[in-house]
Structure formats: structure tokens, C-alpha cells
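Peer 1: Given only the sequences and the hints, what does the whole structure look like? Please build it.
Number of protein chains: 2
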Amino acid sequence: MEIRNIGFIGTGIMGAAMAGHLMDAGFRLSVYNRTKSKAEGLLAKGAVWCDSPGACAKGQDVVITIVGYPKDVEEVYLGKDGILANVPAGTYVVDMTTSSPILAEKIFAAAKEKGVHAVDAPVTGGDVGAKNATLSILVGGEAEDFAALQPVFAAMGKNIVHMGSAGAGQKAKACNQIAIAGALAGACEAYAYAKASGLDVEKTYQAISAGAASSFQMNNVVRRGLSGDFAPGFMLKHFGKDLAIGTETSAAYGAALPVLAQVLSEVRQMERLQEGDKGTQALLHYYGLE
Amino acid sequence: MEIRNIGFIGTGIMGAAMAGHLMDAGFRLSVYNRTKSKAEGLLAKGAVWCDSPGACAKGQDVVITIVGYPKDVEEVYLGKDGILANVPAGTYVVDMTTSSPILAEKIFAAAKEKGVHAVDAPVTGGDVGAKNATLSILVGGEAEDFAALQPVFAAMGKNIVHMGSAGAGQKAKACNQIAIAGALAGACEAYAYAKASGLDVEKTYQAISAGAASSFQMNNVVRRGLSGDFAPGFMLKHFGKDLAIGTETSAAYGAALPVLAQVLSEVRQMERLQEGDKGTQALLHYYGLE
Numbered sequence: 001m002e003i004r005n006i007g008f009i010g011t012g013i014m015g016a017a018m019a020g021h022l023m024d025a026g027f028r029l030s031v032y033n034r035t036k037s038k039a040e041g042l043l044a045k046g047a048v049w050c051d052s053p054g055a056c057a058k059g060q061d062v063v064i065t066i067v068g069y070p071k072d073v074e075e076v077y078l079g080k081d082g083i084l085a086n087v088p089a090g091t092y093v094v095d096m097t098t099s100s101p102i103l104a105e106k107i108f109a110a111a112k113e114k115g116v117h118a119v120d121a122p123v124t125g126g127d128v129g130a131k132n133a134t135l136s137i138l139v140g141g142e143a144e145d146f147a148a149l150q151p152v153f154a155a156m157g158k159n160i161v162h163m164g165s166a167g168a169g170q171k172a173k174a175c176n177q178i179a180i181a182g183a184l185a186g187a188c189e190a191y192a193y194a195k196a197s198g199l200d201v202e203k204t205y206q207a208i209s210a211g212a213a214s215s216f217q218m219n220n221v222v223r224r225g226l227s228g229d230f231a232p233g234f235m236l237k238h239f240g241k242d243l244a245i246g247t248e249t250s251a252a253y254g255a256a257l258p259v260l261a262q263v264l265s266e267v268r269q270m271e272r273l274q275e276g277d278k279g280t281q282a283l284l285h286y287y288g289l290e
Numbered sequence: 001m002e003i004r005n006i007g008f009i010g011t012g013i014m015g016a017a018m019a020g021h022l023m024d025a026g027f028r029l030s031v032y033n034r035t036k037s038k039a040e041g042l043l044a045k046g047a048v049w050c051d052s053p054g055a056c057a058k059g060q061d062v063v064i065t066i067v068g069y070p071k072d073v074e075e076v077y078l079g080k081d082g083i084l085a086n087v088p089a090g091t092y093v094v095d096m097t098t099s100s101p102i103l104a105e106k107i108f109a110a111a112k113e114k115g116v117h118a119v120d121a122p123v124t125g126g127d128v129g130a131k132n133a134t135l136s137i138l139v140g141g142e143a144e145d146f147a148a149l150q151p152v153f154a155a156m157g158k159n160i161v162h163m164g165s166a167g168a169g170q171k172a173k174a175c176n177q178i179a180i181a182g183a184l185a186g187a188c189e190a191y192a193y194a195k196a197s198g199l200d201v202e203k204t205y206q207a208i209s210a211g212a213a214s215s216f217q218m219n220n221v222v223r224r225g226l227s228g229d230f231a232p233g234f235m236l237k238h239f240g241k242d243l244a245i246g247t248e249t250s251a252a253y254g255a256a257l258p259v260l261a262q263v264l265s266e267v268r269q270m271e272r273l274q275e276g277d278k279g280t281q282a283l284l285h286y287y288g289l290e
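The listed protein sequences correspond, in order, to chains E and Z. Position 85 of the first sequence, counting from 1, maps to 85 under my numbering, and the rest follow consecutively. Position 143 of the second sequence, counting from 1, maps to 143 under my numbering, and the rest follow consecutively.
It should be emphasised that the hints constitute simulated quantities derived from the structure, not laboratory data. This structure is a prediction, so every number in the text was calculated from the model and none was measured. Among the hints, erroneous ones may be present.
Copies of the same chain look alike in the list, so a pair counts if it works inside one copy or between any two.
No more than 27 Å apart at the CA atoms, straight line, and that leaves these computed lysine-lysine pairs for BS3-like [unchecked claim]:
#1 LYS131 - LYS203
#2 LYS203 - LYS112
#3 LYS45 - LYS131
#4 LYS71 - LYS195
#5 LYS112 - LYS80
#6 LYS80 - LYS114
#7 LYS106 - LYS203
#8 LYS158 - LYS195
#9 LYS195 - LYS106
#10 LYS237 - LYS36
#11 LYS38 - LYS158
#12 LYS131 - LYS38
#13 LYS38 - LYS58
#14 LYS158 - LYS203
#15 LYS71 - LYS278
Peer 2: What follows is the structure in C-alpha cells.
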């Protein structure tokens with residue numbers, strides 16, 4: 001089957017950039033978003049507006065979703081006028097939201113009953129990766145479906161990995177966020193120690209950022225915070241969502257992850273303090289660094 | 001003053017390599033170690049054996065120590081037959097042990113009273129750095145003493161940084177270990193999630209190790225553990241010592257570092273389970289990965 005028509009649900013910062021690349025690659029796009037204004041760039045480019053997720057899914061070869069929270073994913077797929085109620089057997093449905101692997105398995109099972117091909121395909125690489133089509137795409141689902149969707153994925157990302165069966169993409173994304181949580185908090189605590197003990201923070205960065213303590217989080221994300229830049233590359237509140245998914249599902253899988261639990265509680269505290277829209281480097285504020 | 005004679009106390013794996021480089025650079029070395037056999041290579045090379053720290057310190061231009069725990073440092077410097085009881089004004093004393101910044105300040109003050117120049121200069125870069133003379137040396141103390149000791153430091157390391165006044169070298173080393181603690185635990189928890197959720201651990205590594213989750217700890221240390229290699233680059237029990245220093249002194253400085261506290265408790269647990277002599281990647285065992 002040649003893929004020509006794509007329904008794209010969720011045109012936020014990530015989704016709008018990704019949908020734009022699909023249009024550039026020649027796919028015909030229909031789009032839906034809760035806030036229509038965020039789809040305007042795509043509509044101006046020729047995308048067709050739809051008034052509901054169900055309407056956007058109808059008649060497409062592939063339906064792609066990248067929405068907010070797992071509850072949004074569940075509603076959009078399994079709700080009364082949702083995707084699965086509106087697509088025929090043979091359709092591909094691809095959730096690129098960072099969501100729960102357990103929910104991804106549930107959607108896969110419901111889709112399979114109708115002959116619909118469901119795949120979970122969360123991404124890493126952030127808004128920069130979305131803009132430059134250099135995202136990593138972590139895919140869970142059937143190998144044949146992964147193969148069939150290659151042209152779609154290739155338009156949006158670079159490192160496209162089939163992690164395993166349904167849910168495996170979401171599991172890999174959770175691993176990614178869990179490793180980030182530890183590295184981010186470790187870097188913040190290092191600078192909290194530096195500041196409390198009276199060290200020069202910049203000198204400390206120069207001394208420790210090249211060796212065994214180095215991490216992308218320290219050398220890029222936290223680095224920005226130390227220079228007073230708290231603009232979001234990735235918002236704390238979205239990180240909180242991801243860590244909550246990791247915490248809940250790790251409990252279901254029988255893994256106790258105390259550092260993850262600790263960092264989630266810190267992020268939640270910063271959300272309560274109205275810092276959720278800042279970048280993850282604002283975790284420095286939890287530790288008293290300005 | 002030209003530095004010619006160096007007393008070197010502590011010829012373990014790190015110390016023996018560092019002392020060897022000093023001899024290669026032309027300094028005349030006297031050595032002491034609790035276990036004499038560990039100094040044999042240096043003695044064969046022409047170093048002079050001394051029967052006590054005090055005897056090793058006597059008559060030297062510079063005395064270097066790299067021993068075990070803060071209590072050993074305190075004993076060697078401030079004990080009845082210790083270094084400060086045996087050196088005249090004008091001597092340089094350099095503690096390269098990873099030790100407490102508060103103790104470093106105490107030694108500095110006691111030394112200053114006698115006109116002795118005390119410097120704290122812990123290192124990063126591990127046994128490989130010691131062997132190849134590529135250590136980073138983090139120095140706390142007077143700027144003139146830092147300058148006077150350049151030829152000595154240059155024989156042992158590459159990245160030689162004056163962090164600030166007495167104790168500042170130890171503070172920077174603590175920051176380094178604190179950042180490592182978070183990154184190490186984050187990577188271990190990521191793989192614990194991968195395993196518990198049924199992901200292929202190797203595929204997970206390939207998917208997440210190049211992006212925002214990447215760290216030296218994940219890509220080097222934990223990586224070795226995942227391939228079944230738990231030989232020590234840096235022993236868990238030494239890491240436990242360092243994290244205990246960070247925990248105690250951060251409390252004294254008024255910084256609450258919950259991730260550090262958590263990782264220290266995990267390392268202590270692994271020491272109780274007789275894993276202290278393994279490399280830090282054995283923290284994977286805490287999380288049930290073999």
C-alpha cells in the first residue's frame with residue numbers, strides 16, 4: 001500500500017513542525033488540534049482542517065497523534081467519536097505522544113480486533129529535532145507495520161529504531177527520561193553544593209564538565225540555567241508528565257526507582273511554584289540557584 | 001625556592017603511579033606507605049623508604065599525601081608524630097586524597113600557624129589518569145603556593161585548576177562526585193526499567209545513549225557493567241567514602257541534596273553485600289541487573 005493521505009492530530013510546537021515535514025515530503029495532510037490557531041501555518045500551506053479527531057481520522061491511510069497526556073491519548077483513540085471508531089481495517093494509527101506503554105498495549109489490542117495497525121512511536125530530540133527533522137523515533141509494534149511506515153518516519157526523523165512489540169517505543173522513551181532525571185538532578189545538586197560551599201560556580205563548571213561527571217544535561221541544559229537562561233527547550237511540566245509515566249509504569253513492572261521518584265517530587269514542587277512553563281534547567285531553582 | 005626533595009605518603013594504585021611520574025621528572029623521592037610492599041616498584045627505581053609519615057616528611061621541600069579516609073588524613077597531618085610536627089616553616093604540604101574540605105581548612109589553619117604552606121589538591125581521572133599523567137588536579141589554597149607547586153603538579157596531571165582558598169579543591173571534587181552519583185543512578189534506573197519492562201537492554205542502550213540522556217557514566221561506566229564487566233575502574237567503596245564526605249559537608253554548608261543521600265544509601269547497601277571492591281558500575285546490582 002502506498003501512503004498518501006495522513007490525518008495529523010495535535011499541532012503543538014512538536015506536531016506542527018513534524019506535520020510540516022510530512023507535507024514537504026509530499027503527503028496530503030488533514031489536521032485537527034484543540035486550539036485551531038496553532039494549525040494555521042499548516043492550513044496556509046494547504047492542509048485540510050477537520051473539526052474533530054474522528055473526522056480527521058476518517059478516510060486516511062495513516063493517522064498520527066501527538067497530543068498532551070495519556071488521558072488525551074486514551075480519549076482520542078478509544079473515545080466515542082475517537083480514531084478507532086472512525087477508521088476501517090488496514091489503517092495505520094501512530095501515537096507519537098510520550099505516553100504510557102501500558103496504554104499503548106491497550107490501544108494496540110483494541111486496534112488489532114478491528115484489523116487496524118497500531119504503533120507507538122514517541123520521539124526524542126525536542127523542538128530542535130522536530131524543526132530539523134532529526135528526531136529519534138522509538139517504535140513499538142509489529143515489524144511489518146514498522147517497515148510500512150518507514151517513508152512517514154523518514155520525513156520526520158533520523159534515528160528510527162524498532163524497539164519491540166506494542167508499548168516498546170514508550171518503554172524506551174521512559175528509559176530515556178529516567179536517565180535524564182538522574183543526570184539533571186546530579187548536575188543541579190553539584191552546583192547547589194558549589195554555591196552553598198562558596199565555590200565559584202563558573203570555575204566549578206570548567207573543572208568538572210569534561211570528565212567522569214560530564215553529561216548532556218550538565219553540559220547543555222543545566223549550563224543554560226547557570227547563565228541565567230530558563231527559557232524552555234523542554235518544559236518542566238512536560239518532564240513531570242513523563243516522569244509520572246515512568247513512576248507509575250515502573251511500579252506496575254515491579255521496578256523500584258527511588259531517584260526517579262525523588263526527581264519527580266522535585267519537579268512537581270516546581271510546578272506548584274509556577275515554574276512548570278520554564279525549561280527543565282529550572283530544577284536549579286529547587287536547589288536554590290538563581 | 002627550587003623544589004628538589006619530595007616526601008610521598010601513600011603509594012596505592014594512584015599514589016604509586018603519581019610518585020613514579022615525579023621521579024621521572026627528576027624529583028628525589030622519599031616514600032612511606034602502610035603496606036610497604038606497595039612501594040617496592042618505587043624503591044627499585046631509587047626512592048628512599050621511610051618508616052613513618054613523620055620521618056617521610058622531615059627535611060623535604062614538599063610533602064605529598066594520598067591516603068585513604070579523612071581520618072587517615074587527619075592522623076597523618078595532625079597526629080603526634082605527623083607531618084606538621086615534623087616540618088619546618090616554608091615547607092609545602094599537599095593533600096591529594098579525596099577528603100573533607102572542612103578538614104582541609106583545619107589543616108591549612110594549623111599549618112599556617114607554623115608558617116607551613118598547606119594545599120588541598122584532590123584529583124579526577126582515576127587510575128588511567130594517574131598512569132598516563134593526565135589527571136585533573138583541583139587545587140585549594142593560596143595563589144602563590146599554587147604557583148610555586150606548578151612543576152610538581154605538571155608532572156602528574158594536565159588540567160590543573162586553582163579553585164580558590166583552602167578547601168576549595170576538595171569542594172570541587174565533591175561537586176564532581178555528586179554529579180556522578182546522579183548520572184550513574186539515573187543510568188542504572190533506566191536499565192532497571194528496561195529490564196523489568198521486558199525491553200532488549202542492548203537495543204535500549206543504542207536508542208538512548210547518543211541524545212539528551214547521554215553521560216560519561218552511562219556511555220562508559222554503566223556500559224561496562226551491561227557487558228558483564230564489573231572490574232573496578234573506581235571501587236564502589238571508595239565512591240561511598242566520597243559520597244559520605246559530600247553528604248556530611250553539604251549538611252554543614254546548609255545544602256539538602258536528596259539524590260546524593262539516596263545514592264549513598266544504595267552504595268552502602270552494596271558494600272554490606274560485599275560488592276565494595278567492584279567498580280561503581282556494580283550499582284546495577286542494586287537494581288537487579290546482572
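Peer 1: With reference to the structure, classify each hint as holding or not holding.
Peer 2: Structure-based check of all given hints:
1. LYS131 - LYS203: between (34 Å within a copy, 26 Å between copies)
2. LYS203 - LYS112: Cα proximity of LYS203 and LYS112: across copies only (26 Å, versus 57 Å in one copy).
3. LYS45 - LYS131: So LYS45 and LYS131 pass the 27 Å test inside one copy only (16 Å; across, 61 Å).
4. LYS71 - LYS195: Between. Shortest inter-copy distance 26 Å satisfies the 27 Å Cα cut-off; intra-copy 40 Å does not.
5. LYS112 - LYS80: Answer is within: at 18 Å inside a copy they meet the 27 Å cutoff, but 79 Å across does not.
6. LYS80 - LYS114: Intra 15 Å, inter 84 Å, cutoff 27 Å: intra-copy only.
7. LYS106 - LYS203: Close across copies (23 Å), not inside one copy (51 Å); limit 27 Å.
8. LYS158 - LYS195: Answer is between: at 26 Å across copies they meet the 27 Å cutoff, but 40 Å inside does not.
9. LYS195 - LYS106: between (47 Å within a copy, 21 Å between copies)
10. LYS237 - LYS36: Close inside one copy (22 Å), not across copies (58 Å); limit 27 Å.
11. LYS38 - LYS158: Classified as within: same-chain Cα gap 25 Å, cross-chain 52 Å, threshold 27 Å.
12. LYS131 - LYS38: within (15 Å within a copy, 58 Å between copies)
13. LYS38 - LYS58: Answer is within: at 21 Å inside a copy they meet the 27 Å cutoff, but 76 Å across does not.
14. LYS158 - LYS203: between (36 Å within a copy, 16 Å between copies)
15. LYS71 - LYS278: Within one copy, since 23 Å is at most 27 Å while 44 Å is not.
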